[in-house]
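Asker: For this one, chain A is given, so just place chain B on it according to the hints.
The lines below spell out each chain.
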Amino acid sequence: MNIYLQTLKRDLRVAIRNPSSVLNPLLFFIISVSLFPLAISPEASVLKEIAAGIIWVASMLAVLLSLNALFHHDFENGVLEQMVTSHHSLPLLILSKITAHWILTGIPIILLSPLLGLFLFLDSESVKVLMLTLLLATPSLSLIGAIGASLIVGIKNSGMLLSLLILPLYIPILIFASSAVSQAQFGLDITGQLYFLATILVVSIMAIPFVSSIALKISLE
Amino acid sequence: MSSLNVNNLNCQRGYNQLFSELSFKVNAGDVLRITGTNGSGKTSLLKILAGLNAAEEGDIALDNHPVKSDEYQSEVFYLGHLSALSAELTSIENLEFLTGLNKSIDQHLLVKALAQVGLKGYEDEYCAKLSAGQKRRVILAGLFVSNAKIWLLDEPFTALDPQGVKIVEERISKHCAQGGLCLFTTHQDSALPNQKVLAL
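Just so you know, the protein sequences line up as chains A and B, in that order.
Everything in the first sequence is counted per the numbering used here, starting at 1331 for the first residue and increasing by one.
Everything in the second sequence is counted per the numbering used here, starting at 220 for the first residue and increasing by one.
In isolation and in its complexed conformation, chain A is listed as follows (with noise of 0.2 angstroms):
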């Protein structure tokens, strides 16, 4: 567990030192949403129904911009080859890497969707339900991202692989979290959507460490 808690702080704190690389994505997180009612409509009703959408694709958009370097860096450095080599559990480091991942782009990610949300004229029960569908399902995204960043971390220019690759299955994740915002508007039952992302999070913490670690040794050859 030490190790997970080092290898954590030493992510942060990479990051930290070189900002652009987590400020980046946000930045295209909130200049997308803000472009959104200067192309359709300000309109508090146009935008009222299409906002959970848009900040959900705007949010998967931004999270998928930064998975290239969830690997990248430690690959060509060699760190990589160093996590590899340890006796520690690979899957331990890797889940260390990707809660890093997490805290830097989900946590800013929801804690900007409430002013974002407003801004797109939700009303304050609606941004409840889309901070908690964000914080229920962006971990989903940072886990499910690593499987594409391990088995791409060799290839050079690999960003429209990654998209392909990942896309895919941030699809349902998307459809759910999307209706359950948009159903609550409605004052409809949300609790199946809620169950369905809590489901996706609890396999994923999982299995993908494991799926991820072989990928990673895979792409080391």
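Hints listed in this document are in silico derivations from the structure and should not be mistaken for laboratory results.
Just so you know, these numbers come straight off a predicted model, no measurement behind them.
Any given hint could turn out to be false.
Unchecked claim - Quick list of the computed label-pair ranges, beta carbon to beta carbon:
#1 A:Ile1433 x B:Gln335: 30 to 38 angstroms
#2 B:Gln382 x A:Leu1499: 49 to 57 angstroms
#3 A:Ile1361 x B:Lys287: 42 to 50 angstroms
#4 A:Ile1535 x B:Glu290: 22 to 30 angstroms
#5 A:Gly1489 x B:Gly352: 30 to 38 angstroms
#6 A:Ile1361 x B:Ser288: 48 to 56 angstroms
#7 B:Gln397 x A:Leu1342: 33 to 41 angstroms
#8 A:Asn1354 x B:Thr254: 44 to 52 angstroms
#9 B:Ala334 x A:Leu1368: 58 to 66 angstroms
#10 A:Thr1521 x B:Gln231: 52 to 60 angstroms
#11 B:Ala280 x A:Leu1441: 47 to 55 angstroms
#12 A:Ile1433 x B:Asn257: 39 to 47 angstroms
What the hints assert, rightly or not - Below, computed lysine to any residue pairings styled on SDA-like, alpha-carbon distance capped at 25 angstroms:
#13 A:Lys1339 x B:Glu344
#14 B:Lys287 x B:Asn227
#15 A:Lys1339 x B:Ala347
#16 A:Lys1339 x B:Ser302
#17 A:Lys1547 x B:Asn235
#18 B:Lys339 x A:Arg1347
#19 B:Lys322 x A:Leu1422
#20 B:Lys287 x A:Phe1540
#21 A:Lys1339 x B:Glu307
#22 A:Lys1486 x B:Ala347
#23 B:Lys322 x A:Phe1405
#24 B:Lys348 x A:His1403
#25 A:Lys1547 x B:Asp278
#26 B:Lys287 x A:Ile1548
#27 B:Lys348 x A:Ser1350
#28 A:Lys1339 x B:Ser323
#29 B:Lys348 x A:Asn1348
#30 B:Lys331 x B:Glu344
#31 A:Lys1339 x B:Ser365
#32 A:Lys1547 x B:Ser239
#33 A:Lys1486 x B:Ala273
#34 B:Lys348 x A:Arg1343
#35 A:Lys1339 x B:Leu301
#36 B:Lys348 x A:Gln1336
#37 A:Lys1547 x B:Gln236
#38 A:Lys1339 x B:Tyr341
#39 A:Lys1339 x B:Ala306
#40 B:Lys287 x A:Glu1406
Cβ coordinates follow ideal geometry from the N, Cα and C atoms, glycine included.
Answerer: Just chain B now, kept in the frame of chain A:
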């Protein structure tokens, strides 16, 4: 006395057969220098011994512990071509993390290790600002404080000045005198006494 046993190792990269039926034994206290032309499979052999790559065939064991076992992995320190340092971290932060991957080591020991490789006063210097030779010295300091029994060093003398080479050679001799094993590759002349040679 522990020994590293390699039996019938077979390695192929693409259509190239790098080596086949390679068998050797390295006893505690031995230094094995692996020689060969560029592309002969020296790095591949070290990576296989480190558990990074898999061989097509063959067995590797340290006293009956196979290569992927925890007992084996905890005794290995692999020094590859890459620096293994993050540019955003200082020398001491990098060392703390890298040595922590094997065994946590007190900070004052790390500072001492840095001084031993000639980097006194560079503890809080960002690795982005270090020269190639200095970066090599940082990771070598990590090697020297590690408790690993098997040292797998791929071109350890790269970018080092003659004085640096001497420090590394002295430490390798000391490590082996204390019952460790060292396998290394180099294209430079090495003055290490009692070294065995494996030609690929």
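Asker: Please flag the earlier hints that this structure goes against, numbers listed from lowest up.
Answerer: No hint contradicted; all consistent.
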